[in-house]
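The listed protein sequences correspond, in order, to chains A and B.
If you're matching positions, the first sequence starts at 369 in this note's numbering and goes up one per residue.
If you're matching positions, the second sequence starts at 43 in this note's numbering and goes up one per residue.
Treat the hints as calculated values from the structure; they're not laboratory data.
In this text, a Cβ means the ideal position worked out from N, Cα and C, and glycines have one as well.
Don't take every hint at face value.
As the list claims (entries may be wrong) - To list a few chain B residues with every Cβ distance to chain A over 10 Å, as calculated: (1) Ile278; (2) Ile354; (3) Leu359; (4) Thr379; (5) Tyr398; (6) Ile449; (7) Lys455; (8) Gly498.
Unchecked claim - Incomplete in silico selection of chain B near chain A, CB under 7 Å: (9) Ser84; (10) Gly132; (11) Gly135; (12) Val232; (13) Asn284; (14) Tyr286; (15) Ile383; (16) Ile386; (17) Leu387; (18) Phe388; (19) Leu478.
As the list claims (entries may be wrong) - With a straight-line cut-off of 30 Å between C-alpha atoms, the simulated DSS-like cross-links for lysine-lysine are: (20) B/Lys241 to A/Lys641; (21) A/Lys623 to A/Lys646; (22) B/Lys241 to A/Lys682.
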Amino acid sequence: MREIILIFITLLFVSCSNTPKESITIYVSEDQVFSEPILKDFEKDTGIKINTVYDSEESKSTGVMNRLIAEKNSPQADVYWANEPIRAEVLKNRGILAKYNSPNAKGIAEVFREKDNYWCGFSARVRLLIINKKLKDRPKSILAYRDSSFRSKAVIANPLFGSTTAHIAALFTILGDQKAKAFMNDMKRNEVAISTSNGESADFVASNSYSFSLVDSDDAMSRIKQKESVVIEYPDQEDNEIGAFVIPNVVMLIKNSPHPKLAKKLIDYLLSKEIEKKLAFADCAQIPLHKGVELPKGLKPINQIKVMKVNYEKVAKKLVEIQPFLKEWVSK
Amino acid sequence: MIFDTFIGEDGFTISSYEKFFQTSNLITSFKNSFIVSSLVASFATFFGVILGIILGKTEIYFKKFFISILVIPLLIPPYILAFGWFQLLGRDGFLGELLFGFWGVSFVLFSIYLPIPILLTIFFLSQVNPSLEDAGRLVTSWRGVLKNITIPLISPAIILSFMLVFILSFGEVSVANFLRYDLISLESFVQFSAFYDFKMATVAAMPLVLIAFLILLIEQFFIKKNIFRFNSYHEIKYISLNKYQNRTLFLVSLFAIIIVIMPLSTIFIKSLDLESFLIALNKASSPLLRTFIYASIGATLLMIFGFLNGYIIENRLFKWWRLWDSSIIFLFALPSTVIGISLILFYNTTYTNFIYTTPIIIIFGYLVKYIALTTKIIQTKLSQIPHSLSESAQMVGAKWYQILYFILIPISKKILIISWIIGFIFCIRENTIIMLLYPPGSDTLPIYIITQMANGKPEIVSALCVIMIIATLFPIMIFGLYNTNVKK
Numbered sequence: 369m370r371e372i373i374l375i376f377i378t379l380l381f382v383s384c385s386n387t388p389k390e391s392i393t394i395y396v397s398e399d400q401v402f403s404e405p406i407l408k409d410f411e412k413d414t415g416i417k418i419n420t421v422y423d424s425e426e427s428k429s430t431g432v433m434n435r436l437i438a439e440k441n442s443p444q445a446d447v448y449w450a451n452e453p454i455r456a457e458v459l460k461n462r463g464i465l466a467k468y469n470s471p472n473a474k475g476i477a478e479v480f481r482e483k484d485n486y487w488c489g490f491s492a493r494v495r496l497l498i499i500n501k502k503l504k505d506r507p508k509s510i511l512a513y514r515d516s517s518f519r520s521k522a523v524i525a526n527p528l529f530g531s532t533t534a535h536i537a538a539l540f541t542i543l544g545d546q547k548a549k550a551f552m553n554d555m556k557r558n559e560v561a562i563s564t565s566n567g568e569s570a571d572f573v574a575s576n577s578y579s580f581s582l583v584d585s586d587d588a589m590s591r592i593k594q595k596e597s598v599v600i601e602y603p604d605q606e607d608n609e610i611g612a613f614v615i616p617n618v619v620m621l622i623k624n625s626p627h628p629k630l631a632k633k634l635i636d637y638l639l640s641k642e643i644e645k646k647l648a649f650a651d652c653a654q655i656p657l658h659k660g661v662e663l664p665k666g667l668k669p670i671n672q673i674k675v676m677k678v679n680y681e682k683v684a685k686k687l688v689e690i691q692p693f694l695k696e697w698v699s700k
Numbered sequence: 043m044i045f046d047t048f049i050g051e052d053g054f055t056i057s058s059y060e061k062f063f064q065t066s067n068l069i070t071s072f073k074n075s076f077i078v079s080s081l082v083a084s085f086a087t088f089f090g091v092i093l094g095i096i097l098g099k100t101e102i103y104f105k106k107f108f109i110s111i112l113v114i115p116l117l118i119p120p121y122i123l124a125f126g127w128f129q130l131l132g133r134d135g136f137l138g139e140l141l142f143g144f145w146g147v148s149f150v151l152f153s154i155y156l157p158i159p160i161l162l163t164i165f166f167l168s169q170v171n172p173s174l175e176d177a178g179r180l181v182t183s184w185r186g187v188l189k190n191i192t193i194p195l196i197s198p199a200i201i202l203s204f205m206l207v208f209i210l211s212f213g214e215v216s217v218a219n220f221l222r223y224d225l226i227s228l229e230s231f232v233q234f235s236a237f238y239d240f241k242m243a244t245v246a247a248m249p250l251v252l253i254a255f256l257i258l259l260i261e262q263f264f265i266k267k268n269i270f271r272f273n274s275y276h277e278i279k280y281i282s283l284n285k286y287q288n289r290t291l292f293l294v295s296l297f298a299i300i301i302v303i304m305p306l307s308t309i310f311i312k313s314l315d316l317e318s319f320l321i322a323l324n325k326a327s328s329p330l331l332r333t334f335i336y337a338s339i340g341a342t343l344l345m346i347f348g349f350l351n352g353y354i355i356e357n358r359l360f361k362w363w364r365l366w367d368s369s370i371i372f373l374f375a376l377p378s379t380v381i382g383i384s385l386i387l388f389y390n391t392t393y394t395n396f397i398y399t400t401p402i403i404i405i406f407g408y409l410v411k412y413i414a415l416t417t418k419i420i421q422t423k424l425s426q427i428p429h430s431l432s433e434s435a436q437m438v439g440a441k442w443y444q445i446l447y448f449i450l451i452p453i454s455k456k457i458l459i460i461s462w463i464i465g466f467i468f469c470i471r472e473n474t475i476i477m478l479l480y481p482p483g484s485d486t487l488p489i490y491i492i493t494q495m496a497n498g499k500p501e502i503v504s505a506l507c508v509i510m511i512i513a514t515l516f517p518i519m520i521f522g523l524y525n526t527n528v529k530k
């Protein structure tokens, strides 16, 4: 009996990690397959140990955002790497972030930075259309979702979660509430299917269960690299059209973080041109926001894409306002 | 968090509940949940008991193999089974449309929770006094013995199975979310995931708790009336199948193929890529080791505290035993997210950092969520032990801990092992609470699988699932071997 108790206590303490002298904790919402190599490179380059908490897709599990909010009074994380700015705005509004103006933020357009330096964007995804090659008449605008010639041929990720919510909220700020609601209702009338995530939408299109979907560029690019039978289209690129919604990765300093100096070092590292190049050449093929960063073939630089002109702060506010509408829309 | 749901800007208020009950489709989602859970619990209990009798009481060939196969859906994240069916059936056509709705959700949940009544039936069958069955065999066939003696004797286990499956399926989120069917459990989940609104999420969790209390009342009335007390037995009377062997084998095989092999075949086929499997094994080694350690510690504590709780409740040791019983059912019914956030809010302080920043918080999460499971399993067994044994010991001056140590624990040895295995399975598969609580660098394999699902290579994700299934079956196989040696 005594031996069992000893083994039990040993097991418990063996599994408790010993924190070395220099270490830092980061919570990451960017997909682990893309973010983990970057963070391991930081460890190698600087010798600072990184303790990481990764996130799941929002539709599968609640994760990092709720943890950050719950830990507000005693933060465990030093840095948060979010995969879109709306989460950053939610945290800023709840007083969870601290200001930091990284020297590596110079050169990134102001639209991708918070005006008071609470967060800074880097390595962006673009919301684009992934289209199955079998579809002859390919859509060029997100308005194709309400085009009757594409009735029951389209799928969209659940607009209650993730980047789709942000995109819909952005549309509301651009088109106005009335037109945006009409668009959503037309989409429903056109029998759009709802998937649980952008990744799933991309898989549906790749398997020709549906002909096209609005997804993030990293979901689309990874299916192209997996040699699926799909093509991509940057939507709404004509002069009189609204442009494509761009979602940068965002890095931010947590207020009262345990290791603020090291946190700033990590933020500088993530905002560097070298990291943007790595993420551009990775399977996620994310678009650098710094000018002059080398790009792989087939990836359009940000200045060649007509970007939807949005204010992320307004998008974050609109996102909260439209939640009851979206909840009802999903359940119809 | 519950107290907070009654507090507004001006003090006490029920405005959060008023706002929640004004949700337009609340009644529909509650009705859906009730019907799905009732159907799943009824069918899982019915088929689970039949399969439990076949696998635990007959001389069917390959019974350990069938038990291992049928248990697999309980070992993997529920979402994966739903995804497997989608890969097989698609979304179009009659079967595809059936999958994405009431019947699909019910069927997938049935597959996931079927192992619970199977395992409980097999165990409680082994506790039936064989001489009672021998006496019955003098006047009737095995069918009559099963109907009039064996099944009534194991009826507490059957009712317990129904209860557990009902509560678990009522609170399940990922399957309904994937198959796009509106259930009340999604209300709480959406409040957390989409709105980050802890108050409304807790309010949305309250209907689940009410249902759990209803189930508890049923347990109090029905199980208590059907308790037969007897000692433990190691000898089991097996039913010889003779000319029905091949037919039974065929039916059980067909069941296993439809319920388990078909949906998981797409996942298994993808994992056959050796290179991906080796990469997955390399990546999985640390999370797998952590999973085993945490789940073993969790299962051990669940067994110990489950036994103590079961003893307290069964013997009504304290005045407030009913409150104690209700509390653990309440925790079991609460969504895992509410439990996770509550543990963060309570333990994330300077004084309790030694708990919150270490895997101890994960163990706490397991205990809070699953203590009801092991308590009820062990309590059901304790309720069948004759009081005369304890009373005799008391008469000669034995203290309560001596009665526990020298009488009740030895008699309950097998149920303690069963409760350890069930605790281990649930700890291993738990991901929602762990996702919220795991200290950096302490992720478990289910967490790793979920984070890899976002744009990870499908072959590697499939291989990780296979590794998890094999790893989880390991203690069950060890128990099977131990059981065989004991009988020899």
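Checked hints:
no., hint, verdict
1, Ile278, "holds (29 Å)"
2, Ile354, "holds (22 Å)"
3, Leu359, "holds (23 Å)"
4, Thr379, "violated (5 Å)"
5, Tyr398, "violated (8 Å)"
6, Ile449, "holds (17 Å)"
7, Lys455, "holds (14 Å)"
8, Gly498, "violated (5 Å)"
9, Ser84, "violated (27 Å)"
10, Gly132, "holds (6 Å)"
11, Gly135, "violated (11 Å)"
12, Val232, "holds (6 Å)"
13, Asn284, "violated (45 Å)"
14, Tyr286, "violated (43 Å)"
15, Ile383, "holds (5 Å)"
16, Ile386, "holds (4 Å)"
17, Leu387, "holds (6 Å)"
18, Phe388, "violated (10 Å)"
19, Leu478, "holds (6 Å)"
20, B/Lys241 to A/Lys641, "violated (42 Å)"
21, A/Lys623 to A/Lys646, "holds (28 Å)"
22, B/Lys241 to A/Lys682, "holds (24 Å)"
In summary, the structure is inconsistent with hints 4, 5, 8, 9, 11, 13, 14, 18 and 20 from the numbered list given earlier, while agreeing with the others.
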